[in-house]
Every structure is written in structure tokens, then in C-alpha cells.
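Based on the sequences and whatever the hints tell you, model everything.
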Amino acid sequence: MRKGYFVIVLFICLATGGFTFIYKNKEATTAIHFKNLVGNKELKLFDETYTNNFGEPFVINKFRYYISHISIVDGSDKEINLSNNYYLVNEDDSLSKMIQLPAAGIKSISFLIGVDSAKNISGVQTGSLDPMNGMFWTWNSGYVFAKLEGQSDSSHAPAHSFTWDVGGFRARENALRRIKLNVPAGRSSADNVIVVQADILKWFSGAHPLKISQSPVCHQPGVLAMQIADNYSAMFSIAP
Amino acid sequence: MRIMTIIFISLFCFAGIAWINAGNKPSPIKFIVPPGWPQPLYNFKSNPLTKEGFELGRKLFYDEKLSKDSTISCASCHQQFGGFATYDHNLSHGYNNTLTTRNAPSLQNLAWQKEFMWDGGIVHLDLQPMAPLTAINEMGETLENVIKKLNRDTAYKRMFKAAFGAPLINTQKMNMAISQFVLMLVSSNSKYDKVMRGAAAFILPEKLGYDIFKKKCSSCHTEPLFSDFSYRNTGLKLDNTLNDYGRMKITHDKKDSLKFKVPSLRNVAITAPYGHDGRFFSLQNVYEHYRNKMVVMDNTDSLLLHKIPLSNYETGQLTAFLHTLTDTSFLKNPAFAPPGYDITPVFIHYH
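Protein chains in written order, with the working numbering: chain Z, 1 to 240; chain H, 1 to 351.
Honestly, the hints are just simulated from the structure, not real lab data.
Even for Gly, the Cβ is constructed at its ideal location relative to N, Cα and C.
Don't take every hint at face value.
As the list claims (entries may be wrong) - If you want a taste of the chain H side facing chain Z, the calculated C-beta under 8 Å gives, among others:
id, residue
1, His93
2, Val123
3, Leu127
4, Glu144
5, Asn175
Claimed, not checked - Calculated cross-link-like contacts (lysine-lysine; reagent style DSS-like; alpha-carbon spacing at most 27 Å):
id, chain 1, residue 1, chain 2, residue 2
6, Z, Lys119, H, Lys161
7, H, Lys148, Z, Lys62
8, Z, Lys97, H, Lys148
9, Z, Lys97, Z, Lys44
10, H, Lys114, Z, Lys119
As the list claims (entries may be wrong) - Examples of chain H residues lying across from chain Z (beta carbon under 8 Å, computed):
id, residue
11, Ile122
12, His124
13, Met130
14, Ala131
15, Leu143
16, Ile147
17, Asn170
18, Gln172
19, Thr300
20, Asp301
Here it is in C-alpha cells:
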């Protein structure tokens, strides 16, 4: 009798654990796939020379940006906030370009490009926010929100460098930008991948025309960083 | 019956593991706020001080391996016998025969400071170690390499586990350990402190010096920390080789041009040279600046518009008073010396 009792308890424990596991896996999810483009060409690091709207040639070595405070409206018009997740999208790391969201039939998605001020000032963070990822200014505390680096013959900086590191969380130098994207209607509700395209050409033209020949380097918060942020906040779109 | 035995044995094992782990819990250190001092600004809840964390921080602080070519540690420019500033150097020396643009500040009473560096660019103590570690004219290493080196070292693996409960070594844990060590660098036992506690008495020149100090210096060098940690323009002319505009570099505001953080005067007698770029080699140079040489600019501090009148007599008395801020129990505390030493050996400084 005793033995039987224990076996039952053990079975219930295992079964509950198992069901929870299965249930979790069956939760509705949608994958956001970030696809970095230059115009309509898919971005290739190092090997390809692109041209911006001003006819300036450039090669890209690094392209990274932080996505945080994601908020989504799902198929049943429920708003889901994922304020504790910080993603570093890194062109050099294909895994980093895929984000899983716990919702289905997403109607719209909004997110911050960058890292909120609280995380900039409260000590050393881990994971995607680990300063080891090369997205942190050590001498003037703060995250680099987005980074576009390479070479350009139009750059007068040493080694023809073209390095736009954008950040700044303080009031007058705030480079945080919120993006809101509506998912085009008429998508199949079974389609659980959303491709978010990021067009690098928008970094140069948009609210502010920014030439590599005039400002090849941005390494600190300030006016230039905010202008680049204004521009790149228009770089995202959802592929049809 | 067999199932019962298995369950019993597993329970016993779990209990055993829990008990062993409990025995390995790091031992907490109580941070003591000296009587009459304000509450510290550092959030100890986010990084509770432990003996193991402190010892790990101490090892990291004195480890040259953290630099690119294993020649420079934090302690190279923050020497205990020099009040954790650099003895005798105006500018700090870095990796591969480089010079920095600043005079290493003394590390003491850091728990009461909100921002770090002469320009206050670093907004949290835990963020501070990354600047010297990665600056090309300081330790010249990448964070990635530092973490790799630590991971290859079994002693570190053991110490990280002892301090934080898991052998995980990352930037966060490394910096938290360094913070634990430097937070304990509290200097509060100088002759001045003893006089304030009623355990000693000033001799006449010290007492006269204290009176002058209270009249002419203490609005910025506020007791008991001997700084209000504000940024002020004290009429220091720009050096055109350093082009260091101080606070303006951080705020990009013209009003902050050539403003630097008010340094604490604790242990001032042994932390020469003085100033953000070490341009003053003695206290006498500093007095000369304030009473004569300083350049009053548009944004020079309002308290200094007429400079600070100081007679020769007064400078002597001030010097007598400032020497009472030397805290030998801090400068010779064996707990702050390199692991395995009773006091900082002089050979710790190579360059």
C-alpha cells in the first residue's frame, strides 16, 4: 500500500513537470527575423562596395544595433510588453538576427533602438548587455545603441575610416528612438515568421542629409549622434 | 520497499549537497560608516560585501596579467603608500611607453562618490575598471581577453565560485569584485579624525591651519570627505598638449569648460603631484596657484573671482593642518596590500 502511494505521488510529479514542458513548447510564438539591407541588396560585410545617395562609396565591417522594450499587439488585440529583454542584432552573428516572441497573429510591433537610461547607469550588465560585446563607452558611461563601421574613400579620417557609433541617454543628448511597425494585413495567421528589414541607406538620408565626407566619425553622444538616430529610426520596414 | 530506499537516498543526497553548499556561502563583511559621516551612495544590496569577494577584488587589483602585456595592474597607478594615487608621477604611465593625460586620483572613500574620474564621465563604481583596462594608453587590453585570461586560471575559477557561488567569470562579476575591494578603502582614522572624536588634540599650527581651512577652503573641500565632489573651474589654464577640457568633454556644455572634480584632501600630504594633470608638484605650488597664478575666466568658480588671499604664514599653518589628514593606519593596512604581503612592497612600481 505504502509503495503504491509513493509511486502515484512520483508519477503525478513527473506528469505535471512533463505537461508544463509540453504546454510551454506549444505556446504561440512568432519569430522576428532581422534582415539587413543596403537599398534592396542584402548586406555583405567587408566584400562589397556600396554607394549612398550622395554617390559616396563605402564598405561595411560592422553593423550592430540594440533592440529593447519590445511591445506587440497580438491577434486578439492584446498588448504584450517585453521590457526586460535586450537583443543585440549583429550582422556578423546570424543567430542574433532571429528573435522569438511569445505571440501569434501579431498585428503591430514596436521597440526601442538602444538601451534605456536605467541600464546605462546601474552597474555592469550581463548577456547581450555585457560591455564585452563592444557596445559600451567606458570613459563616458553609456551604451552604443547602434554601430555602422567601415571604410570609405570619401572619408578624410585616418585610414579612411567611416565609423558611426550612436548612443546617448541623457536628456539633451537622447538618441533613443522608438519604432512602430504595422504588420501588413492579409497575412496568413499560420505564418509565424515576420521579416523586419533594415535599410542602411536610410542612415545617410532621411530627416538629415549626412555625408561621410562631412562627418566620417561619430564616437560620442551629441547632435550628430541624435541626427543619425533620427535617420536610422526610419530604416525598418516589414517585408510583405 | 526498494523505491522507498531510492527516494530516501536521493533526499539524503539533496540535503547533503544543500548542507555542503550552505557551508560554502561567502562570509559577509559589514561596511562601517564612520561616525558623523553621511550615508554611502553605493548600493550595497546590489553587490553585498563578502570576505571572498573582497579577496578576489584584491587579487584582481594587484594582477598585472589584466593588462595587454602583463606589466600593469590597477595598483601600478594606485599605490597604497601613495594613498592609492601614483607617487611622484604627474601623468599616469600606460602600456607600451604611453602617457595618459591625467593624474591618477587617490582611491579612498569611494562608497560616498556618485561619479568617477576627474570629469565624472563614469556614473557607477562597477563601470569604472573598464576604462583603465581598455584604454590604449593605460592597460591596453580588451575585456574579452581579460575574461579569457581569468578563465584559464584555476585559482580565479575557485575564487569566483567562492565569492559569487558559481564559477562563472564575466565582466559583471569581475567588476563587482574589484568594487568590493576598493569600497573597503576607507580612510577615516587620521589625526584630524582623532581630534574630531576627542581622542587627540591639534598642536597650535594645526589648529590655526584648521581655522584658515574652514574660512578659505572648506566650501569646496567639505568635511568630513574633504570634497563636495562638484565640478569647478579653478582657473587652470588649458595645456595645449593635453587639450583636456574636463567636464565639458562629458556634458558638451561650454559652461563646463575646464571644470574638474574637486578632489578629496584626505592623505593630501602624500598624494603629490596635484591637479587633474599633476601640474602642481607640491602644496606650495597649489597655494601659489590660488593666491597668485590662477587665471580668472568667464566660468571660473564664483568663490574664486578674487583668487584666495593667503599669506606665507597662513600657507605654513595650512600645511600643518593638511598633514593631519594623513591616515597611516589606512596607508599601512595589511588588508589592502597585495595578497601575500603585509605592506605594499616598493617594487610593485616598475615604470
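Here is what the structure says about each hint:
no.: 1; hint: His93; in the structure: violated, 18 Å
no.: 2; hint: Val123; in the structure: holds, 4 Å
no.: 3; hint: Leu127; in the structure: holds, 5 Å
no.: 4; hint: Glu144; in the structure: holds, 5 Å
no.: 5; hint: Asn175; in the structure: holds, 5 Å
no.: 6; hint: Z/Lys119 to H/Lys161; in the structure: holds, 26 Å
no.: 7; hint: H/Lys148 to Z/Lys62; in the structure: holds, 23 Å
no.: 8; hint: Z/Lys97 to H/Lys148; in the structure: holds, 26 Å
no.: 9; hint: Z/Lys97 to Z/Lys44; in the structure: holds, 14 Å
no.: 10; hint: H/Lys114 to Z/Lys119; in the structure: holds, 16 Å
no.: 11; hint: Ile122; in the structure: holds, 5 Å
no.: 12; hint: His124; in the structure: holds, 5 Å
no.: 13; hint: Met130; in the structure: holds, 4 Å
no.: 14; hint: Ala131; in the structure: holds, 4 Å
no.: 15; hint: Leu143; in the structure: holds, 4 Å
no.: 16; hint: Ile147; in the structure: holds, 6 Å
no.: 17; hint: Asn170; in the structure: holds, 6 Å
no.: 18; hint: Gln172; in the structure: holds, 4 Å
no.: 19; hint: Thr300; in the structure: violated, 24 Å
no.: 20; hint: Asp301; in the structure: violated, 23 Å
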